[in-house]
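Each chain is listed here by its residues.
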Amino acid sequence: MAAEGQEQGLRCRGLDVAFGGNSVLRQIDFDARPGFTGLIGPNGAGKTTIFNVITGYVRPQGGDVTLDGVDLLGKRRSAIAHTGVARTFQTPKLITEISVLENVMLGMDGHRRLRDWRSVLGTPGRERTARREALAALGEFGLARYADQPVSSLSLGSQKLIEVVRALVSKPRLLLLDEPAAGVSVDEVKRMTEPLMRWTTENGLCLVIIEHDLELVSQLCPTITVLDFGRVLVTGGPREVTSNPEVISAYLGASFAAERA
Amino acid sequence: MSGIDWRRAGRPAAFVLSTIVLAVLAAVVPYYLTAYSLYILTEVVIFALACLGLTVVIGWSGQVALAQAGFFGVGAYGAAFLSAHGFPWFGAVAVTALAAAFIGVLIGVPTTRLRGFYFAIATLAFGELMTQIFSSWKSFTGGALGLPVDLLRFGSLNPTVSLWYVSAAILAVSLAILWHVSRTRWGRCLRAVRDLEIATGSLGLSATKYKVEAFAVSAILGSVAGSLYGQALTFITPSSFTSTLVIEFLIVVLVGGVDKLFGAIVGAAFLVVVQEELQSVGAYQRLVFGIALVLMVRFLPGGLVPLLYSTVRRLTGRRRKVEAGPLETDPNPVVDVAV
Amino acid sequence: MVQVIVGGLQVGSTYALMALALVLVLKATDVPNFAMAEMGLLPAFVVWVLVDNQVNYALAIIAGLAAGVVLGVVVERFFIRPILRSSHFAIVFMTIGLFFVLNSIVALKWDSTPRTIHAPASATWKIGGTVISQQAVVAVVVGFVIMIALTLFFRSRAGVQMRAVAEDRVTPRLLGVRLPWVFRITWALAGAIATVAVVLAAQASVLNDQTGQTLILTGFVAATLGGFASILGAFIGGLLLGVVENLAGAYISTSAASAVSLLVVVLVLMIRPEGIFGQARVREV
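Chains as they are written, first to last, in the working numbering: chain A, 1 to 261; chain B, 1 to 339; chain C, 1 to 285.
So that you can see chain A by itself, here it is in the shape it has in the complex (with noise of 0.2 Å):
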């Protein structure tokens, strides 16, 4: 079982989230194979909460949550992060006063293990090399221009996208990303979508995606899970999900779907 578990990436079942009565996910199965996954669904529907279960900032009622065979419900979110799970919010949680790459580098710094106590310490010698890596890594998505400059001073797209490049140098084997191209402009939109497309294939790194704009989904996404008032509607490939009736009328509203029909 233990050998079956590896490589399998994400596998969520049965997760039942309420708060306070409120029934919020309902009998969640949500599975993350290596390479893209999307999650969609309308507003209100659950799937930031999904993240937030994975991730250790909900705890659910029931149901449970394994990457790689590993459990993960109930530890500290140090220690899933320290698992492999990386993630970005709705809302970019950056340090808006310091530069760029200072930022990068926050990604790495959960990560060092405390056995390399010079890296714990900081010496010279192992901040440089980070800087080197994080750096890097900005020049993989277009930014290492603006690497020493302060965060505060890029639009919105580019602080998503440090955000995403700060949760891939902590070398992640799930990454969950909430609504990157929101708010963001087409060009920044392929500036951040192709190097992830490199760096899953490269990697094998399980990327979910939370997003609105379906065709972007439907674009790099070879599996999606549709998400409707905290329950499953459809999981499957992008034609298969945008056909599907009840998705287009939790989308579009009943009358537009009968109209198709």
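Hints should not be assumed to be uniformly reliable.
Here are the simulated BS3-like cross-link-like pairs (lysine-lysine), alpha carbons at most 30 Å apart as the crow flies [claimed, not checked]:
1. A:Lys171 - A:Lys190
2. A:Lys171 - B:Lys209
3. A:Lys75 - B:Lys138
4. A:Lys75 - A:Lys171
Partial list, derived from the structure: chain B residues whose beta carbon lies under 10 Å from chain A [claimed, not checked]:
5. Arg183
6. Arg185
7. Cys189
8. Arg194
9. Ile198
10. Ala199
11. Thr200
12. Ser202
13. Gly204
14. Ser206
15. Lys209
Since the hints were made in silico from the structure, they are not lab data. Built from N, CA and C at the ideal position, the CB exists for glycine as well.
Given chain A, put chains B and C in place with the hints provided.
Frame of chain A, contents of chains B and C only:
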């Protein structure tokens, strides 16, 4: 994070030069000042050291910790007691500082879980508790009668001068270490704990761990400063460590800008100088302090240091922007409360 | 023993009232007011001055309450509201500074000479072997009445608005609640309640420049016991604290009494950070 970035300004030579100049000045100053003035200067250094601790815990990790007076007292009593019982003075200071760190961890572990405001009250209570213990634990501290201190002497130098050299050296070393740290990993992590709060977990950082570490560091700095203070007072009584001390530390931190390392020196200078000037006014001292505090928060929430920086910038024409300190901007703004 | 408890209830009621004032201000305007006790101390001295000059007690009390209200409004308008946009550090420092200013004013004018406010009900009753002062009864009753009044107030229209603002600064404004007005009422009320607290405390012991200082710490402790959320909680917390403190003072030592409040707050915060009566809050990501 700690003000003017000399490295990026590209002038390491200037940095080295100014360090040498300061070192020479510090060495030579006792011969040009009266004993009293030297004593005042030493007080500034000691208070600056204690408030460096507050810079770390309040300014960098964002927790308003009000127990510094307690650690200050621990340092004073501990060093005096141990050296009176045969420990070499530096050893006594080190052991006491370790004990303070231990107490800091003991207090920190349960309290850092609390929301900022409750943490402030809890640390205030602990600080008060420590002060009360000083009065009650008579066999250790001599109670209200106080504890005499064996004074340091280096060779032929008198205690005042010896104390000055030791204090200045310790402050310099502490500043150097903290300055380096602020630019590397630990400093970044503390900053993340302060500014990113909940998100730190997702980065693999345990917020509690860093908060406790910051608190322990502040305890160590407070304790060492307290040991030096004991030397300065030459005779320690519990009345030296009342809650007024907490307020005085806060004033230092406010004036200097709560997250600026060098601000601790500016703030300490302000406090000590103003205190000396107000000696003559006696009873009005507290009133003036209070008014100064109120006016400063009202009109200069960033402290005097940003004002100094902007004056320097205007004079030298340098264009580097000084970041807003945690007093001016709320890292987690609720909403604009328009009046 | 009963006497000790009664004394504890009397003192505890003052703690409870101070706690109520603190909770009011913290919940509605998000300000931890370290100057709250001093904001009741100054008006308390107004009462003393009047009573000492043969003014009718009831009138003096009304004057004191008015002073408390005025002080609350002035502080809120000129010192708190302008800096609400700043961070929490700034606000804390401001209230600490105000504490200094107000305390110094009182100390300079009246110093630490103990004074008493001569109140009409200063006799004692003898019930079954224990002596119970009328003042003690007055203190507890007044505290109780104010607690009930506040609870009812929070059900009124103004009170509901205040509660809404305490929860969330944005939505109530969208619904038409005027924040400045809510803030003003809150601080005015708190000023009045703090005045009552200090006057009662003065009756329990003495009135001088120190009277505020124990009160602020114990007020915070009592409020913490109540989880800063519940009026009843703060009230019971205050009473409990007063009783435990008095018992400790009587049966252990006087220094134990002052250590008690400190230990209690520490213990409660460690075991149940949301207070005995509070509710754990969920933080959203």
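Here is what the structure says about each hint:
no., hint, verdict
1, A:Lys171 - A:Lys190, "21 Å, holds"
2, A:Lys171 - B:Lys209, "23 Å, holds"
3, A:Lys75 - B:Lys138, "47 Å, violated"
4, A:Lys75 - A:Lys171, "20 Å, holds"
5, Arg183, "8 Å, holds"
6, Arg185, "4 Å, holds"
7, Cys189, "5 Å, holds"
8, Arg194, "9 Å, holds"
9, Ile198, "7 Å, holds"
10, Ala199, "4 Å, holds"
11, Thr200, "8 Å, holds"
12, Ser202, "5 Å, holds"
13, Gly204, "3 Å, holds"
14, Ser206, "4 Å, holds"
15, Lys209, "8 Å, holds"
Violation of the numbered hints given earlier is confined to hint 3; every other hint is satisfied by the structure.
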